[in-house]
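Colleague: Produce the complete structure using the sequences and hints provided.
Residue numbering for the sequence shown follows my numbering, beginning at 197 and increasing consecutively.
It cannot be assumed that every hint is accurate.
Between beta-carbon pairs, the in silico distance windows are [to be verified]:
| no. | residue 1 | residue 2 | range |
| --- | --- | --- | --- |
| 1 | Thr355 | Ala441 | 32 to 42 angstroms |
| 2 | Trp440 | Arg467 | 26 to 36 angstroms |
| 3 | Val455 | Arg272 | 30 to 40 angstroms |
| 4 | Gln415 | Leu265 | 13 to 23 angstroms |
| 5 | Val414 | Ile341 | 27 to 37 angstroms |
| 6 | His437 | Leu390 | 42 to 52 angstroms |
| 7 | Pro411 | Asp351 | 24 to 34 angstroms |
| 8 | Pro438 | Phe229 | 32 to 42 angstroms |
Keep in mind the hints are simulated off the structure, nothing from the lab. Remember, it's a predicted structure, so these values are computed and weren't measured experimentally. Ideal placement from N, C-alpha and C gives every residue a C-beta, glycine not left out.
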Amino acid sequence: MSVVSAEVLRQRTEDQPPSAVSAEDGLAPRAKFLPSLAAVYRAQLSRARVARIPLLFVATFQSIGIMILMRGVVDRGGSEARAVVAGSAVLVVAFVALNLLAQYFGQLRADGGLDHYATLPVPPASVVLGAAGAYASFTVPGTVITGVVGCAMFDLPLTHLWVLVAVIPLAGAALSGLGAALGLLAPRPEIATLLGQLGMSAALLLGVLPADRMPEFVQYARDLLPSTYGVEALARTFGGHPDWAAVLLDLGVCAAVGVASLAVATWAYRRAAVR
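Modeller: Structure (structure tokens):
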């Protein structure tokens, strides 16, 4: 936590002159949102780098392993193959951004870490977004590798794989917000871990399996999963002539869900920090 404190204080010192210090109560004014967000993001990225790289390897290996298993039951090049590859790529994001972030905030709440953040002059949204952004950043290499391997395995074109530039941050925001909210609202860290695992399992079952093979009521549940729209957007680009209007619509829905889930996570942070 000391890394976060040092970063926030340094940013506040750089962005505001000494005369900005308030005489009331002898406290400095709250830091601005963007400098605080950058400080929390860098601090979280630095702290999590060593610990999360092995877990990112596990997430990537897991997604590739699922594609290998599905290769035996799904034909190459078809709509089902597109769904499997897109779902497996976004599953890497779900493992890190949803599962691990739920565990992180659950543990942070249990060991009093939120009390430390509450003493810093930073907006609650910068804490949530900074941590979510740092965790989502770790998904980039694994998601790209999974997409490339999946395209080679199922004979899908790599031409439009650049869409991951939009899918990763938008799906990452939606899943990170959900993961943070689960961790902050869970009464105990064990419950937060359980909820994170259940969320990742939902992303696996509802995102990787082809939608047309699911019962109708399960398809409705799939529509409620934030990552579904990132999966759909990516899967559409594997076709010979992608419907870009539909891709943009899916990305727009994913962005809206991301904003909503991060807002809920910020509310959950405020609620947990004052208890």
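Colleague: Tell me, which hint numbers fail for this structure?
Modeller: 1, 2
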